[in-house]
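These protein sequences, in sequence, are chains A and B.
Oh and the first sequence: position 16 is 16 in UniProt numbering, straight run, nothing missing.
Oh and the second sequence: position 119 is 119 in UniProt numbering, straight run, nothing missing.
Source of the hints: derived by calculation from the structure; they are not laboratory data.
Keep in mind the model is a prediction, meaning the values are calculated, not measured.
Nothing false has been slipped in among the hints.
Listed below are the simulated EDC-like cross-link pairs for lysine to aspartate or glutamate, each with C-alpha atoms no more than 16 Å apart in a straight line:
#1 K305(B) - D327(B)
#2 K159(A) - D76(B)
#3 K159(B) - D164(A)
#4 K132(B) - E241(B)
#5 K132(A) - E241(A)
#6 K159(B) - D76(A)
Quick list of the computed label-pair ranges, beta carbon to beta carbon:
#7 G404(A) - L399(B): 47 to 57 Å
#8 S242(B) - N154(A): 39 to 49 Å
#9 K172(B) - G128(A): 47 to 57 Å
#10 E207(B) - Q387(A): 18 to 28 Å
#11 M330(B) - L75(A): 33 to 43 Å
#12 K172(A) - R366(B): 49 to 59 Å
#13 D363(B) - N154(A): 40 to 50 Å
#14 S242(A) - A104(B): 48 to 58 Å
Here a beta-carbon is modelled for each residue, glycine too, at the ideal position from N, C-alpha and C.
Number of protein chains: 2
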Amino acid sequence: MSAYHPLTESEAIEIARSLKNVFQGAPDNLACREIGDGNLNLVFHISDPASGRSVILKQALPYAKVVGESWPLTLDRARIESEALIQEGKLAPGLVPQVYAYDAELALTIMEDLSDHVIMRRGLMEGGRYPKFADDISTFLAHTLFFTSDLGMNQQEKKLRVRDFINPELCKITEDLIFDDPYTVSVNNNYDAAIEDEAEALRADEELHFEVALLREKFLTQTQSLLHGDLHTGSIFITPESTKVIDPEFAYYGPAGFDIGAVIGNLLLNFASRRGWDKSDSDADDYRQYLLTTIRDTWNQFESKFRALWDEHGVDRLASASAAYRDDYMKRLLQDTFGYAGAKMVRRVVGLAHVADIDRIEDPVRREAAQRLALAIGKSLIKSGRQATSVEQLIDIALTAVAGAKA
Amino acid sequence: MSAYHPLTESEAIEIARSLKNVFQGAPDNLACREIGDGNLNLVFHISDPASGRSVILKQALPYAKVVGESWPLTLDRARIESEALIQEGKLAPGLVPQVYAYDAELALTIMEDLSDHVIMRRGLMEGGRYPKFADDISTFLAHTLFFTSDLGMNQQEKKLRVRDFINPELCKITEDLIFDDPYTVSVNNNYDAAIEDEAEALRADEELHFEVALLREKFLTQTQSLLHGDLHTGSIFITPESTKVIDPEFAYYGPAGFDIGAVIGNLLLNFASRRGWDKSDSDADDYRQYLLTTIRDTWNQFESKFRALWDEHGVDRLASASAAYRDDYMKRLLQDTFGYAGAKMVRRVVGLAHVADIDRIEDPVRREAAQRLALAIGKSLIKSGRQATSVEQLIDIALTAVAGAKA
Numbered sequence: 001m002s003a004y005h006p007l008t009e010s011e012a013i014e015i016a017r018s019l020k021n022v023f024q025g026a027p028d029n030l031a032c033r034e035i036g037d038g039n040l041n042l043v044f045h046i047s048d049p050a051s052g053r054s055v056i057l058k059q060a061l062p063y064a065k066v067v068g069e070s071w072p073l074t075l076d077r078a079r080i081e082s083e084a085l086i087q088e089g090k091l092a093p094g095l096v097p098q099v100y101a102y103d104a105e106l107a108l109t110i111m112e113d114l115s116d117h118v119i120m121r122r123g124l125m126e127g128g129r130y131p132k133f134a135d136d137i138s139t140f141l142a143h144t145l146f147f148t149s150d151l152g153m154n155q156q157e158k159k160l161r162v163r164d165f166i167n168p169e170l171c172k173i174t175e176d177l178i179f180d181d182p183y184t185v186s187v188n189n190n191y192d193a194a195i196e197d198e199a200e201a202l203r204a205d206e207e208l209h210f211e212v213a214l215l216r217e218k219f220l221t222q223t224q225s226l227l228h229g230d231l232h233t234g235s236i237f238i239t240p241e242s243t244k245v246i247d248p249e250f251a252y253y254g255p256a257g258f259d260i261g262a263v264i265g266n267l268l269l270n271f272a273s274r275r276g277w278d279k280s281d282s283d284a285d286d287y288r289q290y291l292l293t294t295i296r297d298t299w300n301q302f303e304s305k306f307r308a309l310w311d312e313h314g315v316d317r318l319a320s321a322s323a324a325y326r327d328d329y330m331k332r333l334l335q336d337t338f339g340y341a342g343a344k345m346v347r348r349v350v351g352l353a354h355v356a357d358i359d360r361i362e363d364p365v366r367r368e369a370a371q372r373l374a375l376a377i378g379k380s381l382i383k384s385g386r387q388a389t390s391v392e393q394l395i396d397i398a399l400t401a402v403a404g405a406k407a
Numbered sequence: 001m002s003a004y005h006p007l008t009e010s011e012a013i014e015i016a017r018s019l020k021n022v023f024q025g026a027p028d029n030l031a032c033r034e035i036g037d038g039n040l041n042l043v044f045h046i047s048d049p050a051s052g053r054s055v056i057l058k059q060a061l062p063y064a065k066v067v068g069e070s071w072p073l074t075l076d077r078a079r080i081e082s083e084a085l086i087q088e089g090k091l092a093p094g095l096v097p098q099v100y101a102y103d104a105e106l107a108l109t110i111m112e113d114l115s116d117h118v119i120m121r122r123g124l125m126e127g128g129r130y131p132k133f134a135d136d137i138s139t140f141l142a143h144t145l146f147f148t149s150d151l152g153m154n155q156q157e158k159k160l161r162v163r164d165f166i167n168p169e170l171c172k173i174t175e176d177l178i179f180d181d182p183y184t185v186s187v188n189n190n191y192d193a194a195i196e197d198e199a200e201a202l203r204a205d206e207e208l209h210f211e212v213a214l215l216r217e218k219f220l221t222q223t224q225s226l227l228h229g230d231l232h233t234g235s236i237f238i239t240p241e242s243t244k245v246i247d248p249e250f251a252y253y254g255p256a257g258f259d260i261g262a263v264i265g266n267l268l269l270n271f272a273s274r275r276g277w278d279k280s281d282s283d284a285d286d287y288r289q290y291l292l293t294t295i296r297d298t299w300n301q302f303e304s305k306f307r308a309l310w311d312e313h314g315v316d317r318l319a320s321a322s323a324a325y326r327d328d329y330m331k332r333l334l335q336d337t338f339g340y341a342g343a344k345m346v347r348r349v350v351g352l353a354h355v356a357d358i359d360r361i362e363d364p365v366r367r368e369a370a371q372r373l374a375l376a377i378g379k380s381l382i383k384s385g386r387q388a389t390s391v392e393q394l395i396d397i398a399l400t401a402v403a404g405a406k407a
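Could you put together the complete structure from these sequences and hints?
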């Protein structure tokens with residue numbers, strides 16, 4: 001295959017035919033659909049009608065189309081995504097799509113087809129319940145965040161991994177869109193005129209700016225663990241029996257609480273949106289309880305799994321020897337989780353990229369109420385983060401915000 | 001010149017002759033002395049008797065001789081040292097030796113000869129006073145630590161610099177010898193039997209272990225600024241009129257307070273040693289006051305220069321916008337300085353590598369008193385670090401330890 005160029009469907013089929021570990025023989029009649037949204041990547045779904053087997057070919061494009069413009073973007077993100085998927089697959093088997101092949105020159109990853117799963121954001125909007133999710137995502141988080149940290153891997157080898165996952169372009173997106181734009185006047189921001197008062201309040205709140213500056217600093221400087229880096233509910237394929245984390249192109253070494261916060265913040269964005277989706281207050285309250293239970297279980301199971309891994313596989317003598325240090329480490333992970341969950345919520349209401357949970361609520365009154373509720377929870381999480389000692393405080397913040405909104 | 005091999009004197013002379021920017025023409029009669037200690041590097045001093053010009057050729061050896069053994073060590077440290085010297089020279093002109101040339105294949109750096117300076121550790125032991133030192137070293141620290149941080153440079157470019165300065169082998173030396181061995185039974189430790197009680201106390205002190213674990217974590221994970229990484233008084237050439245920081249082979253992106261703490265911790269090691277060097281208690285007290293004034297000036301001038309650079313050259317909108325964040329950042333730098341100064345002191349008494357300030361005191365009673373005083377100050381700095389709010393508290397800790405020792 002020649003040097004980089006966007007693949008045609010026939011080229012994609014040709015590559016797929018040669019995959020001995022997916023298709024048996026080299027079937028003649030492979031079907032191909034390009035199912036990417038065309039923004040960042042080409043995504044070819046290729047299937048063999050005879051055997052029923054299928055595969056995904058994901059190829060990075062050398063630009064991002066954002067707000068209608070073409071924005072050059074390094075193809076190195078395909079390497080990072082592929083290497084992160086392979087790492088995550090080793091550390092959390094079964095919780096990411098299997099990678100069959102990677103072609104650096106073509107920026108092409110060939111992986112397991114997950115068409116039988118749905119995107120979790122869509123599933124939550126439709127009121128789906130996923131009884132295995134808290135267990136699965138807490139395993140994913142505990143294993144990937146522990147075994148890539150200085151607690152769980154050779155510390156010299158880790159430095160080489162930090163080097164491999166230096167990811168300036170994708171990190172810049174996060175730095176700008178999450179940790180800067182929502183707190184100032186920026187052309188990147190995007191919100192309804194109805195909540196101009198909220199946007200103004202974000203720009204004027206010095207206490208909030210101080211806390212966001214601390215979160216930003218940690219995102220810029222703390223190489224704690226290999227992060228997924230964009231672990232929202234749109235990066236999770238799900239069924240009631242299975243959870244698959246996808247799309248780690250933002251992967252880099254950062255603060256572990258950023259990934260945990262991303263999961264919880266996105267569950268809370270759905271929490272804030274329920275009156276746009278459920279038929280009654282009672283149904284909304286019921287689903288909110290399900291979401292809060294999921295959040296509580298996610299944190300508690302994460303903490304207990306992470307501690308168990310530390311007990312069994314800790315490689316840092318001093319860190320493992322000090323019980324006070326272990327407790328302090330877990331407390332700081334929780335505090336970071338509060339802060340990053342909050343920052344993720346705020347940016348999804350006033351920043352460039354929103355979430356369908358809220359944006360697709362048709363009734364403008366209910367949409368605005370969801371936006372205000374998400375902001376209230378997000379700001380409270382950011383401000384309370386450094387004093388947090390229990391996930392129950394996060395639950396209280398969410399319930400208090402709902403009560404305040406109803407008052 | 002062929003691939004890597006340790007240079008002979010005649011090869012070193014041949015290379016030096018070709019340096020158009022040092023020697024005029026190609027002088028015939030260059031004198032050469034190999035002045036390295038043979039442990040890590042060859043160091044050739046090459047001079048032209050006719051013109052009086054001279055130059056240093058420093059070549060890394062592919063091993064370190066430690067406690068009699070040969071310990072393989074990457075030649076990449078020569079690249080890191082050379083690149084760090086060049087960076088530091090741009091950011092703090094005149095405060096490091098000028099680099100004339102660097103040969104990657106030979107792991108060879110050719111630089112300014114500083115034979116007219118003395119090693120600061122030696123100068124302090126002999127009671128020298130350096131009125132420009134606090135001003136110079138605070139400039140070096142403020143400029144190198146600010147302009148390599150996310151506060152003072154492009155944040156995407158900074159990530160590439162973090163990648164260039166990944167330095168696993170040299171970092172491991174620090175991680176083991178400073179942040180682990182002194183707090184456990186280790187073959188690397190080295191101390192007089194007379195202070196076995198002190199060593200035992202270090203191994204049993206859980207409060208201390210907790211604080212050291214936090215300092216260790218920050219050293220392992222915080223890419224705040226490009227550090228010198230080994231900024232003790234043996235890495236500083238000095239005269240009353242001039243200060244030159246040398247030997248940044250431990251350079252990597254780490255917590256800024258580690259460099260500031262290294263300077264202050266080494267001044268305090270000399271502080272602890274004074275009764276071994278001065279003729280009377282009164283002379284020792286007088287020199288200690290000089291050292292404490294130097295420490296106070298170093299911190300205060302560092303803080304005011306760092307803040308001034310931030311005001312004028314800050315590139316992080318949010319970090320610069322929040323006055324509370326700026327104050328908090330400076331407070332955390334001070335707290336890290338306490339902790340790392342203390343950790344540096346403890347390791348120099350019970351760890352593998354000691355300092356001449358204390359080890360070369362001939363009278364065993366005075367040597368032991370100096371060791372105990374250094375440990376008392378070091379432990380107190382480590383334990384008080386996270387509550388520190390002023391450099392005066394550090395001065396108080398040193399004076400209180402002296403008073404306690406006299407009691």
